[in-house]
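Q: So the sequences go chain by chain: R and P. The numbering of the first sequence is this note's numbering, which starts it at 1 and goes up by one. The numbering of the second sequence is this note's numbering, which starts it at 372 and goes up by one.
It should be emphasised that the hints constitute simulated quantities derived from the structure, not laboratory data. Predicted, not measured: the structure shown is a model, and the values here were computed from it. All C-beta atoms in this analysis are idealised placements derived from N, C-alpha and C, irrespective of residue type, glycine included. Mixed in with the good hints there might be a few duds.
Stated by the list, open to error - Pulled a few chain P residues facing chain R out of the computed Cβ check, cut under 8 Å:
#1 L657
#2 R658
#3 D667
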Amino acid sequence: MANLIETEEERMLAGAARRFLDDLAPVSHLRQMRDRMQTHDPDLWYQMSAMGWAGVLVPEQAGGDDMGFSAAMVIAHELGKTLVISPFLSTSVIAATALRQVSGSQATEALASIASGGITYALAIDEGAKFAPEASQLRARRDGNGYVLDGQKTFVVDGSFADRLLVLARTDNGQTLFDLDAERPGIRRDRMKTIDSRDAATIRFDGVRADFDNVLGHFDDAMTVLAPAIRAGQAALAAEMSGLAAAAFGMTVGYLKERRQFGVAIGSFQALQHRAAILWSELELTASAILNAGRMLDQDLDNAQLAVSLAKARATATAKLAVAEAVQMHGGIGMTDAFDIGFYMKRARVSAEWLGDYSYHAEQIAQLRGI
Amino acid sequence: MLIDQQDTEAFRLELRQWLAANCPAEMRDGARDETAACWGGRSWQFSSEAQKTWLERMIGQGLTTPTWPREYGGGGLERAREKVFFEEMAAIGARLPLVSFGIWMLGPALLKFGTDEQKRTYLPPIVRGEIRWCQGYSEPGAGSDLASVATRAEDRGDHYLVNGQKIWTSYADKADWIFALVRTDQEAPKHKGISFLLIDMQTKGVSTRPIRLISGASVFCETFFDDVEVPKANVVGVVNQGWDIAKYLLTHEREMISAGAAGLTGGRSIAQVLASQDSRLTDATLRARALECEIDGLAFGLTLERYKDQAAAGQAVGDASAMLKYMGCELNQRRHELLMGMAGMAALEWDGDHDSLPADWLRSRANSIEGGTSEVMLGIIAKRVLGLPG
Numbered sequence: 001m002a003n004l005i006e007t008e009e010e011r012m013l014a015g016a017a018r019r020f021l022d023d024l025a026p027v028s029h030l031r032q033m034r035d036r037m038q039t040h041d042p043d044l045w046y047q048m049s050a051m052g053w054a055g056v057l058v059p060e061q062a063g064g065d066d067m068g069f070s071a072a073m074v075i076a077h078e079l080g081k082t083l084v085i086s087p088f089l090s091t092s093v094i095a096a097t098a099l100r101q102v103s104g105s106q107a108t109e110a111l112a113s114i115a116s117g118g119i120t121y122a123l124a125i126d127e128g129a130k131f132a133p134e135a136s137q138l139r140a141r142r143d144g145n146g147y148v149l150d151g152q153k154t155f156v157v158d159g160s161f162a163d164r165l166l167v168l169a170r171t172d173n174g175q176t177l178f179d180l181d182a183e184r185p186g187i188r189r190d191r192m193k194t195i196d197s198r199d200a201a202t203i204r205f206d207g208v209r210a211d212f213d214n215v216l217g218h219f220d221d222a223m224t225v226l227a228p229a230i231r232a233g234q235a236a237l238a239a240e241m242s243g244l245a246a247a248a249f250g251m252t253v254g255y256l257k258e259r260r261q262f263g264v265a266i267g268s269f270q271a272l273q274h275r276a277a278i279l280w281s282e283l284e285l286t287a288s289a290i291l292n293a294g295r296m297l298d299q300d301l302d303n304a305q306l307a308v309s310l311a312k313a314r315a316t317a318t319a320k321l322a323v324a325e326a327v328q329m330h331g332g333i334g335m336t337d338a339f340d341i342g343f344y345m346k347r348a349r350v351s352a353e354w355l356g357d358y359s360y361h362a363e364q365i366a367q368l369r370g371i
Numbered sequence: 372m373l374i375d376q377q378d379t380e381a382f383r384l385e386l387r388q389w390l391a392a393n394c395p396a397e398m399r400d401g402a403r404d405e406t407a408a409c410w411g412g413r414s415w416q417f418s419s420e421a422q423k424t425w426l427e428r429m430i431g432q433g434l435t436t437p438t439w440p441r442e443y444g445g446g447g448l449e450r451a452r453e454k455v456f457f458e459e460m461a462a463i464g465a466r467l468p469l470v471s472f473g474i475w476m477l478g479p480a481l482l483k484f485g486t487d488e489q490k491r492t493y494l495p496p497i498v499r500g501e502i503r504w505c506q507g508y509s510e511p512g513a514g515s516d517l518a519s520v521a522t523r524a525e526d527r528g529d530h531y532l533v534n535g536q537k538i539w540t541s542y543a544d545k546a547d548w549i550f551a552l553v554r555t556d557q558e559a560p561k562h563k564g565i566s567f568l569l570i571d572m573q574t575k576g577v578s579t580r581p582i583r584l585i586s587g588a589s590v591f592c593e594t595f596f597d598d599v600e601v602p603k604a605n606v607v608g609v610v611n612q613g614w615d616i617a618k619y620l621l622t623h624e625r626e627m628i629s630a631g632a633a634g635l636t637g638g639r640s641i642a643q644v645l646a647s648q649d650s651r652l653t654d655a656t657l658r659a660r661a662l663e664c665e666i667d668g669l670a671f672g673l674t675l676e677r678y679k680d681q682a683a684a685g686q687a688v689g690d691a692s693a694m695l696k697y698m699g700c701e702l703n704q705r706r707h708e709l710l711m712g713m714a715g716m717a718a719l720e721w722d723g724d725h726d727s728l729p730a731d732w733l734r735s736r737a738n739s740i741e742g743g744t745s746e747v748m749l750g751i752i753a754k755r756v757l758g759l760p761g
């Protein structure tokens, strides 16, 4: 079993990320973007790319830093603490992992563009209310020298601004993954007004033409490329959620020490102490699952689903508990929009659904464990 | 000896070969429950020739206490080789050759607080399973307020005269010696007048009586001291500073209870139970609860590993072990409720004296009381880990 302590390198990466994000993307940055109805900050992404984050999973020969999944999860954890909105998960984790599964100069060029911050990606899988890649119905039929796509994708995170789309389509004998320019004729993107202000879009495909070389991986076989990409995305999202939960917890403990009622700090009340202690215990268990998922992905990407689903399930449950407890222990002020905790609660709900909710991952675990 | 091999991977290969050749087949059933284990001691009756052979062979390799210093008969293994040791043992389902409170609790306390002579006297018999120890902490009426120890040890010049009563002393009726908290200063504040004393159970005036629990026959006893004379050299550490040792040992106890509760040293996970019955859960509500329990159990198991890794890297776990105790026990109780539900009416029969699922289920209710209640653990986390006031 891999060692589950954070390495010195990981601690340094987390520290550098924290300083950078506290400076450029504190929660007030999200608040500003929300107030301006803005869901993407190209300047911030450019600077994150300059930190090497855009290319965290891009091979060195394609200009990336190739730091591995554990490192990507350390960055995601820090992003989660201040609810940073960025294309990091969609582009640098999911798309980069998908592109790494295929060989050829086209993929290498795309990876290089990701590393430089030159292009952004969004993953278009879902069509219904729940994450269910197998149920995807959008059709791609053969037509002359290519394919024609018809159908609709919902809740495409980062979909309103992404330069390119990874689109899961039903084909003759299976499913196929397409890598398309988001501006192709026939694509219509409508931005959703999400509760957490993260970017998402509903995307219509009406007779959208795709070429043979738009197929990522093999025809009728999307999952060889897509499954590892989704797995990496789930792990990074879980890490982001654990960062979110840790930050909500930190705010809460801080408040328990400073807020006074009946002449004493409210943190001296046993009822609140026990709530806080239980929450911290849950955070500790989830932290272990997150660390383990990173180690397992780095060790064996193809066989890490149990570790990843465990991390996403635990992170989902813990984030939900952390924000609910945070609002409860803050009292009335926790319900006000002027106070930040509400942003954490909203993000936790959106992240709970993206890439599979608690039940979805529990079912993966059930299948793998024989329950 | 195997432990002379310093290279981790070479050690793994040598150990694997040695285990294949030396671990008797009967000792490879993966049994982790207390009744299957060898506890050692003067009156120990081996359950089989294999149990005896297994113990002797492991003693010969220093592997009954793999991490203890070699000068006392231990293996001197650092964390990397210790991990290898447990991985290879688990790979063939090998039983631990010896379990005891001497290994889990007194040994670590002596290694930290004992004199050289005490270490030389008491550690090797623990390593070889010759002396069985029990723990004398709790007293009637003390409960969570452990430091209100009333058993008194009066200074009579060359010895102490001990009078009082302990309760919840596991296996006291089978133990050779007891390590006990006794009050050596009646006047001092309650934490300042306690000493850590080693007492031979064969001394005149020591007697025990087993306690029957809601789960039936139990390993717990009441232990009585009536004018028991104990040599002064049997105090571990400094007189009246026994509370420091007690606190140190409580940390070990918490880790032990939580490790057991995780299904790592006792009991099986829900997935393992289902696999052994070649069945799947069909009732939707039960299955959903079982899954949540399995998920939390997996995350807890990883946390135990992470804390061990931290401790091995020199990052003290300290008061955070209260979390292991709290979470491990809550999980074990949830797991037992589910196992009872899974078994249904088939689990409603028992004889009250032998291990059975209903007995385990009832026994699990004590997990959140013994070794510090769940509420005490949450208080420790709140005050000492989170720094909350009061």
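Q: Against each hint, give a clear statement of whether it holds in the structure.
A: Each hint tested on the structure:
Against a cut-off of 8 Å between C-beta atoms, the interface hint on L657 of chain P is violated, since the closest Cβ of chain R lies about 10 Å away. The criterion of a C-beta within 8 Å of any C-beta in chain R is met by R658 of chain P, whose closest approach is roughly 7 Å, and the hint holds. Evaluation of the D667 of chain P hint against chain R yields a held restraint, the C-beta minimum of about 7 Å falling below 8 Å.
In this structure, only the earlier hint numbered 1 is contradicted, and the remaining ones agree with it.
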